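*Asks:* Residues per chain are reported as follows:
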Amino acid sequence: MFSDLGKYLSDAGTRADIGTDLVDHIYLSLLPLVFGVVVAVPLGWVAHRFGRARGALLGVMNIVYTVPSIALFVIIPVLIGSQILSPVNVIVALTIYTTALLVRPITDALDAVPAHVIAAATAMGFRQWRRFLAVELPLSIPVLAAGMRVGSVSNISLVSVGALIGTGGLGGLFTDGFSRRYLPPIIVGITLTLVLALVVDLLLVALRRALTPWTRVQGVAVQ
Amino acid sequence: MIEFRAVTKRFDDGTVAVNHLDLTVDAGTITVFVGPSGCGKTTSLRMVNRMIDATSGTILVDGKDVRSADPPTLRRGIGYVIQQAGLFPHRTVLDNVATVPLLFGWTRRKARSRAAELLELVGLPASLGKRYPVQLSGGQQQRVGVARALAADPPVLLMDEPFSAVDPVVREGLQDELLRLQAELDKTIVFVTHDIDEAVRIGEKVAVFRQGGVLAQYAPPAELLARPADDFVAHFVGKDRGYRALSFVDASGVEIREVATASIGDAVSQASDWRLVLDDGRQPRGWLPAGSTVDGQVTEDGLEPGGSLYTLGTPVRGALDAALSSPSGLGVVVDEEGRYAGVLTARQVLDLIEAQRGSRR
Amino acid sequence: MIFADMVTWLTDPSHWTGPGGVPARVAEHLLYCVLAVLAAGLVGVPLGMFVGHTGRGSVLLVGASNVLRALPTLGLVSILYLIAGGGTVPVLLGLVVLAIPPILAGTYAGLQDVDRSVVDAAKGMGMTGRQLLWRVELPNSMPLLMGGVRSSMLQVVATAGVAAFVGLGGLGRPLLDGLRVLDYGQVVSGAVLIALLAVLLDLVLAGAQKLVVPRGLRLIAGTAGRRRTQRRVEEPVQELVTTGGQQETGGTRA
Chain A
1 MFSDLGKYLS DAGTRADIGT DLVDHIYLSL LPLVFGVVVA VPLGWVAHRF GRARGALLGV
61 MNIVYTVPSI ALFVIIPVLI GSQILSPVNV IVALTIYTTA LLVRPITDAL DAVPAHVIAA
121 ATAMGFRQWR RFLAVELPLS IPVLAAGMRV GSVSNISLVS VGALIGTGGL GGLFTDGFSR
181 RYLPPIIVGI TLTLVLALVV DLLLVALRRA LTPWTRVQGV AVQ
Chain B
224 MIEFRAVTKR FDDGTVAVNH LDLTVDAGTI TVFVGPSGCG KTTSLRMVNR MIDATSGTIL
284 VDGKDVRSAD PPTLRRGIGY VIQQAGLFPH RTVLDNVATV PLLFGWTRRK ARSRAAELLE
344 LVGLPASLGK RYPVQLSGGQ QQRVGVARAL AADPPVLLMD EPFSAVDPVV REGLQDELLR
404 LQAELDKTIV FVTHDIDEAV RIGEKVAVFR QGGVLAQYAP PAELLARPAD DFVAHFVGKD
464 RGYRALSFVD ASGVEIREVA TASIGDAVSQ ASDWRLVLDD GRQPRGWLPA GSTVDGQVTE
524 DGLEPGGSLY TLGTPVRGAL DAALSSPSGL GVVVDEEGRY AGVLTARQVL DLIEAQRGSR
584 R
Chain C
585 MIFADMVTWL TDPSHWTGPG GVPARVAEHL LYCVLAVLAA GLVGVPLGMF VGHTGRGSVL
645 LVGASNVLRA LPTLGLVSIL YLIAGGGTVP VLLGLVVLAI PPILAGTYAG LQDVDRSVVD
705 AAKGMGMTGR QLLWRVELPN SMPLLMGGVR SSMLQVVATA GVAAFVGLGG LGRPLLDGLR
765 VLDYGQVVSG AVLIALLAVL LDLVLAGAQK LVVPRGLRLI AGTAGRRRTQ RRVEEPVQEL
825 VTTGGQQETG GTRA
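Chains as they are written, first to last, in the numbering used here: chain A, 1 to 223; chain B, 224 to 584; chain C, 585 to 838.
Treat the hints as calculated values from the structure; they're not laboratory data. A portion of the hints provided could be inaccurate.
[Unchecked claim] Covered stretches of chain A (chain C as the covering partner; in silico rule of three or more C-beta atoms under 8 Å from a C-beta of chain C):
id	region
1	8-14
2	30-42
3	57-70
4	123-137
5	165-177
[To be verified] Residues from chain A that keep clear of chain C, each with C-beta distances beyond 12 Å, as calculated:
id	residue
6	Phe2
7	Phe50
8	Gly81
9	Val88
10	Val92
11	Ile118
12	Ala119
13	Gly162
14	Tyr182
15	Thr193
16	Ala210
17	Val217
18	Gln218
Computed from a prediction, not measured in an experiment: that's the story for all the values here. All residues carry an ideal CB built from backbone N, CA and C; glycine is no exception.
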């Protein structure tokens with residue numbers, strides 16, 4: 001099996017193809033992560049701010065999240081009129097998942113900002129939008145980052161399913177391996193997916209640590 | 224100066240939080256709003272910086288209707304301190320204090336150097352500036368809260384139960400600190416509390432509110448204790464008000480006496496009277512009981528602990544307490560440096576109080 | 585128009601009869617899912633109870649769940665199928681393997697989440713370890729445990745659809761067969777049916793959750809649930825479990 005793997009990887013053309021698949025995989029999984037954050041933060045704010053919208057919004061997110069990816073990948077074209085084999089479908093579908101995943105924790109995080117901190121900010125003369133950017137949003141970063149970690153791993157794992165509709169990044173290695181009854185591409189694909197997920201996860205952890213220095217200090221009461 | 228003119232606040236559910244309030248807070252004074260919960264004291268405070276808008280009536284700050292400014296701009300010019308301090312957990316202490324100057328558009332450098340000055344002003348070491356709020360004790364957080372409120376040097380400071388969440392010992396320290404700061408800064412301070420002791424301790428004038436947002440009495444603390452306007456105020460002020468009123472009675476007329484003293488290390492023969500033992504700096508250490516014999520030298524261990532000390536020039540309440548709490552029945556009087564100055568008896572203090580009552584009539 | 589094609593496909597009576605008809609495909613899909621989740625529950629719940637009650641092996645559990653979450657399901661079913669040399673059973677085993685982590689993590693987190701003071705009180709009243717587990721810890725962990733079951737079910741519904749690629753029956757069949765012949769009406773019909781099945785199964789399990797979660801816990805869910813989500817989202821374990829909804833689900837998705 002290992003000799004097969006060696007033989008498979010010895011071909012420069014194969015390696016170049018794998019590299020292309022990897023790059024595709026990265027943008028297919030991470031663009032939706034970024035888009036998802038951009039959509040979910042305002043939605044979370046709406047759910048946090050308007051009690052009436054909250055139930056409906058979170059309910060819809062729940063339902064959306066139950067739809068299996070392979071179904072969503074091919075339903076998207078019906079909804080937005082794209083080609084059924086277009087990469088746009090994967091990006092839109094994963095953006096929807098990321099959004100559905102993030103709205104609830106963002107809402108909860110905004111709810112959890114202490115009322116006295118908000119009151120103090122208001123009383124010092126922050127206008128609402130500025131207060132959101134300077135106080136509420138930064139305080140939600142730990143929760144947002146935790147959600148993004150789940151989202152990134154989930155997206156990286158899901159992109160492969162897109163191979164069934166022709167846009168799957170490393171997932172192409174699975175369909176290729178299966179159709180040729182040949183294990184090496186599948187093993188390479190699984191390994192690279194896991195490594196990618198791990199690397200992105202570590203990067204997100206590092207990013208969170210850099211952005212939230214206050215969460216790392218010890219809460220010691222000093223006289 | 225802050226003026227409430229016929230101010231009423233009715234909430235959406237119909238409850239009247241503040242009912243036709245007319246009140247003037249003098250510039251450069253500490254005015255305390257006190258009352259049971261639900262009396263509208265906090266609502267009244269929060270209407271000044273428009274955290275809550277009045278239903279009717281007018282509030283003027285230095286002659287300007289607060290409704291004429293947009294709320295954020297108004298608020299930047301008014302300091303605000305709240306119970307849990309409301310510090311931003313994600314910003315360092317220094318950046319917390321620099322918040323309002325930054326909102327005013329100061330450069331970060333200038334705002335931070337101002338913030339550092341303020342930390343010093345409220346008695347915090349500069350090294351705390353780099354910490355985050357979670358790394359401070361409750362008392363320190365409150366000091367930072369005060370520093371933050373003062374950062375842009377607002378003429379008016381609103382304090383909403385700022386010291387309620389800290390333990391009693393720390394609270395007393397913070398109250399003293401506030402009085403010290405006020406002597407230096409001369410702000411117009413409105414201070415809300417539910418604690419009448421705190422109110423009479425720090426207020427130059429005290430407004431007592433009753434349920435339904437009605438002002439029951441507005442007077443200096445001594446008057447509040449001596450002549451409560453009605454049963455509600457009398458009851459709210461509490462059982463010990465006669466005794467507490469002594470906090471506002473001058474004790475300068477009392478004569479102090481000498482008592483036999485000894486020092487640590489002295490060899491003392493048997494004595495018939497109580498002796499006060501002093502240390503090298505002439506500060507009282509305790510008492511040698513009458514009839515006690517000392518084996519050789521006077522040591523710390525052989526002493527009976529003294530009562531409270533009365534510092535010269537302070538109100539009569541402390542003098543009476545010193546006499547009542549002393550094991551010898553003699554209250555120990557010290558000067559401002561804490562050095563022994565003499566003793567007095569409860570009888571003397573009571574005579575003085577009686578004499579003053581007589582002269583007031 | 586794909587939408588019109590879908591309606592045409594779905595309203596064609598010939599697609600509703602026989603071994604390849606919609607009812608038969610739904611029944612197959614349902615059978616796979618129920619069997620896989622049941623099997624996963626038989627493994628995951630006792631294991632989760634053990635880890636949650638004793639605290640032993642939690643590090644391993646978190647690590648393993650993270651890896652499984654990142655595992656691409658298409659790659660997994662392909663490799664299982666090829667290694668086993670074909671057949672339905674290895675693919676179903678793959679479904680079971682993917683269904684275990686959410687249940688395991690949900691059970692574990694549910695036990696971990698039980699208020700420490702409640703556990704203390706139970707011990708103080710003289711409960712044995714076994715009594716504590718069955719009478720206090722398990723009932724109190726029901727919300728998270730059932731959340732895990734729901735995630736697990738969604739996971740399996742989705743993976744079973746993908747597994748049609750290696751020959752499994754169920755609703756993935758019309759979808760993938762349609763792709764092969766470019767019959768998009770059929771493709772989207774399959775997708776919509778899978779989506780509906782997933783949503784319906786989740787609703788059924790949500791109902792079941794209401795039945796098994798003690799009423800006292802449901803009453804506090806409105807307030808405490810929110811706080812709980814919040815807290816756990818900042819901890820690694822959180823990422824593997826669900827709190828009633830599926831958002832924070834820990835299983836892989838497909």
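*Asks:* Confirm or reject each hint.
*Replies:* Comparing the hints with the structure gives:
Requiring three or more residues with a Cβ within less than 8 Å of a Cβ of chain C, the coverage given for the region 8-14 of chain A is violated, as only 0 such residues are present. Given as covered by chain C, the region 30-42 of chain A fails the check, having 0 residues with a CB less than 8 Å from a CB of that chain where 3 are the minimum. Note: the region 57-70 of chain A has 10 residues with beta-carbon separation from chain C under 8 Å; the three-residue rule is met and the coverage holds. Here the region 123-137 of chain A counts 0 residues with a CB under 8 Å from a CB of chain C, which misses the bar of 3, and the coverage is violated.
For the region 165-177 of chain A, the stated coverage by chain C is satisfied: 8 residues place a CB nearer than 8 Å to a CB of that chain, which reaches the threshold of 3. The beta carbon of Phe2/A sits about 15 Å from the closest Cβ of chain C, which is more than 12 Å, so the claim that it is off the interface holds. Listed as a non-interface residue, Phe50/A keeps its Cβ farther than 12 Å from every Cβ of chain C; the least gap is roughly 16 Å. With a least CB separation of 9 Å from chain C, Gly81/A falls inside the 12 Å interface cut-off, contrary to its annotation.
No beta-carbon of chain C comes within 12 Å of the beta-carbon of Val88/A; the shortest separation is about 15 Å. With 12 Å as the threshold on Cβ separation, the claim that Val92/A sits away from chain C holds: the shortest Cβ distance comes to roughly 14 Å. Every Cβ of chain C is farther than 12 Å from the Cβ of Ile118/A; the closest lies at roughly 16 Å, confirming the non-interface assignment. The beta carbon of Ala119/A sits about 20 Å from the closest Cβ of chain C, which is more than 12 Å, so the claim that it is off the interface holds.
Against chain C, the non-interface label of Gly162/A is violated: not every CB pair exceeds 12 Å, the least being about 9 Å. Chain C draws Tyr182/A into its interface by the beta-carbon criterion, the shortest separation being 8 Å against a cut-off of 12 Å. The claim that Thr193/A is not at the interface with chain C is violated, since a C-beta of that chain comes within 12 Å of its own (minimum 5 Å). With a least CB separation of 17 Å from chain C, Ala210/A remains clear of the 12 Å interface cut-off, as annotated.
Here Val217/A stays apart from chain C, with its beta-carbon at least about 15 Å from theirs, past the 12 Å limit. For Gln218/A, the shortest C-beta to C-beta distance to chain C comes to about 16 Å, beyond the 12 Å cut-off, and the non-interface label holds.
Going through the hint list in order, the structure does not satisfy hints 1, 2, 4, 8, 13, 14, 15.
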